[in-house]
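Enquirer: Sequence:
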Amino acid sequence: MQRPQRGRARHLSDQGHHCLQLSAVHAVCLAIHAGRHHDDRQQHHEHGVLAMIMSRYRRRKLAGQALIIFALAITAMTGLFVIAVDGGSIYLDKRRLQDAADAGALAGGDAAESLPLRTYYVAHQAALNEIYHNLFPGTAVPTVPSGAGATYTATALSGTYQFVLTADIANLAQDTYLAVVNHAYNFYAAQAIGFGSSTCTLSGTTTTSAVCLQARAKALAATYPFALILLDDQNLNYENLQMAGSNAKLILHDGGTKGGAFSNESMTAGNGSIYFNPCGTSGDLWAVNESSGGASNIPSHSWGHYGDIGLYPLCTVNTLYTPYPKSTVKIPFPNYPEPAVTGPTYTPALSASGGTYYLCPGTFSGSLSESSGGSTVIMYPGVYRFTSPIALTLTGGTLRGATAADYPIPGAAIAINCTGYNTTTAPADLGLIIELRSADCTTNTFKVAGGSTTITFRPSPKYNNISFYIELLGPYPGLGCSTSTPGGTHVVNISGSASLNIYGAFYGPGDNMFFCGNGAGYGVGQIVAWTMTLCGNGTIDEHYNPAYLPYFRGLIQ
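Here my numbering = 1-based position in the sequence shown + 164.
Everything labelled a hint here was simulated from the structure, so no lab data went into it. On a predicted model such as this, the values are computed, not experimentally measured, just so you know. Be aware that a few hints might be false.
[Said to hold, decoys possible] With beta-carbon atoms standing in for the labels, derived distance ranges:
no., residue 1, residue 2, range
1, Pro442, Lys626, 28 to 36 Å
2, Gly718, Ser456, 41 to 49 Å
3, Ser491, Pro442, 19 to 27 Å
Don't be surprised by glycine CBs; every beta carbon is placed ideally from N, CA and C.
Please put together the full structure from these sequences, using the hints given.
Expert: Dropping the structure here:
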């Protein structure tokens with residue numbers, strides 16, 4: 165009985181390795197394996213096939229994902245390539261265009277002051293020369309026609325470049341010159357891969373696979389090229405320049421075609437004389453609305469206008485212009501900024517009657533008077549503002565700016581308003597500016613009368629090369645004094661034996677300046693006034709020098 169049972173047990177064991185060799189569980193093993201129709205080797209084979217199928221599926225899935233990633237990477241790399249090539253080229257091209265526009269605007273702005281005013285083609289030619297120099301070195305520059313207007317457009321390289329040049333001269337505000345440089349940039353990398361289908365049209369020429377690039381630059385050009393500028397434009401044909409007395413003289417020096425004198429209305433020499441020295445190369449006379457009386461008077465009282473020959477004062481008239489003064493367009497009323505005061509306020513009045521006085525910058529609410537020929541007032545560099553109704557009353561002595569020899573200040577010197585100011589070492593810039601507040605329409609805030617007074621000042625670029633700045637009593641056009649003709653204030657009155665040596669601008673756009681008696685003004689730079697009267701032996705000797713003109717030029721866009 166034992167063996168058959170053991171043999172049965174072995175047989176059952178062959179049916180599956182999960183069965184224990186115990187007869188008691190035989191029925192359980194049969195129940196567990198009743199559903200099997202194949203042996204374990206077949207089952208292992210089927211499992212291997214399934215695993216292989218799944219492995220192939222996974223490999224195919226991973227391969228598809230890799231292909232997508234590869235395609236995305238190629239696209240990204242292509243985009244980066246396009247950005248690197250075309251983007252970098254566009255950036256460099258834009259820089260190049262901006263440099264050309266900047267140079268063109270500055271050159272055009274400088275040339276915009278060519279005479280007669282609104283000679284636009286000169287400014288456009290200067291701008292175009294600089295643009296070509298920056299974009300196409302060595303290439304011949306086209307000639308701008310002499311009849312070109314305020315806006316001039318030119319093209320280059322088969323219409324792929326366009327230059328729009330605009331001059332705003334003697335208009336309503338400060339003169340400007342605008343240069344706009346356009347370029348049809350051709351795509352390179354983007355075009356090679358099928359992108360870059362945009363177009364650019366300049367002056368009627370369309371460039372495919374391109375984008376329009378633009379650079380703009382605007383420059384100020386507000387320094388008018390005259391030695392004397394008279395701005396009254398509210399009284400038709402008014403003689404802004406009047407000369408009384410046979411010894412009254414206006415002598416205008418240097419400048420070539422520039423320099424000379426300008427009036428927004430008319431001018432007359434009366435019994436006086438207008439000289440240009442050197443003859444033929446010291447500018448001209450210009451008037452917007454010259455009166456018939458002035459037109460008949462000026463030619464016989466002026467010598468040496470531009471184009472004349474000979475030696476001063478015996479100039480030989482070569483060709484007298486008709487009419488003369490030359491006709492021109494009006495200059496707008498300027499609005500030059502007033503520099504801020506650079507020192508404290510000094511209240512007491514100062515009277516110099518002998519000895520040497522040293523002044524430092526600040527606001528002076530008391531008057532400054534000088535009556536002795538032996539007195540000297542030395543003014544250290546900076547901004548001086550005088551607010552007293554009668555600010556400067558000079559009947560003798562010397563009033564001058566400091567020089568390097570005035571440093572350090574002497575130990576026993578009379579120093580005024582110099583606490584905390586450097587009086588030890590001389591700065592590189594010794595220029596100063598005097599600002600005068602207008603008290604009313606008639607008071608001479610700056611009066612030099614009798615005696616012998618010498619005034620010598622030099623300007624500073626920090627203060628726009630202005631030596632005297634006369635504040636307005638009221639805004640243009642009334643100027644706070646519209647009840648009388650010609651309007652404006654009467655701050656400056658130079659008479660007696662005064663001698664002015666002013667380097668820089670004498671700026672009083674709303675003031676009626678008087679130079680009478682033996683008063684003489686020597687200037688290097690420019691005088692800007694509402695009107696001017698020369699009488700008696702009054703003499704104005706003005707030298708045109710661009711280095712001493714009010715400077716308000718530069719890029720603003």
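Enquirer: With 19 to 27 Å as the target window, see if Ser491 and Pro442 comply at their CB atoms.
Expert: holds, 25 Å
Enquirer: Between Pro442 and Lys626, does the C-beta distance stay in 28 to 36 Å?
Expert: holds, 32 Å
Enquirer: State, for the Cβ atoms of Gly718 and Ser456, whether the hinted interval 41 to 49 Å holds or is violated.
Expert: holds, 42 Å
Every hint, counting from the list given before, is met by this structure.
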